[in-house]
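Residue 1 is where the sequence shown starts when you use the UniProt record's numbering, and the numbers rise one by one after that.
Misleading hints may appear alongside valid ones.
[What the hints assert, rightly or not] Simulated DEER-style distance windows between Cβ atoms: (1) A52 <-> E104: 22 to 28 Å; (2) N100 <-> R26: 48 to 54 Å; (3) P93 <-> R70: 24 to 30 Å; (4) S33 <-> L102: 31 to 37 Å; (5) A65 <-> E28: 30 to 36 Å; (6) K99 <-> R26: 47 to 53 Å.
Quick caveat, the hints were computed from the structure, so don't treat them as lab data. A virtual CB, placed ideally from N, CA and C, is assigned to each residue, including glycine.
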Amino acid sequence: MTITEFTPTGFLTEGPAPQTTDRIGRVELPCQSNDADLWFAEAPADLEAAKALCRDCPLQQPCLAEAVERGEPWGVWGGEIFAGGVIVARKRPRGRPRKNPLPEGS
């Protein structure tokens, strides 16, 4: 099996999938050690969980920059939610929006 990963220079490379974290500085990335479906979920709560996992990732900035450059259509990339090819603050849940907004603090 091969995977594509970021190198320290920020370029993508393809190679054999790592079996474990080694002692020479390989870091376990949240998107590689958790269920990938979390980053492409429909539920807003799942997307927020993916964003939280991205916060401490050492590749957060290059991941976001590459996603913007590629024009990713959807998912969580670099700690941001993409919907329709643009970054959005929050994803609305499925269904019809409320006619009247909830009062503050609810």
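Evaluation of the provided hints:
1. Between A52 and E104 the CB atoms are about 24 Å apart, so this pair conforms to the stated range of 22 to 28 Å.
2. One distance hint, 48 to 54 Å for the beta-carbon pair N100 and R26, holds here, with the actual separation near 51 Å.
3. Our hint of 24 to 30 Å for P93 and R70 holds, since their Cβ atoms are close to 27 Å apart.
4. The beta-carbon spacing between S33 and L102, approximately 36 Å, falls within the hinted interval of 31 to 37 Å.
5. The hinted range of 30 to 36 Å is not satisfied by A65 and E28, whose Cβ atoms lie roughly 21 Å apart.
6. Under the hint 47 to 53 Å, the C-beta atoms of K99 and R26, about 52 Å apart, fit the expected range.
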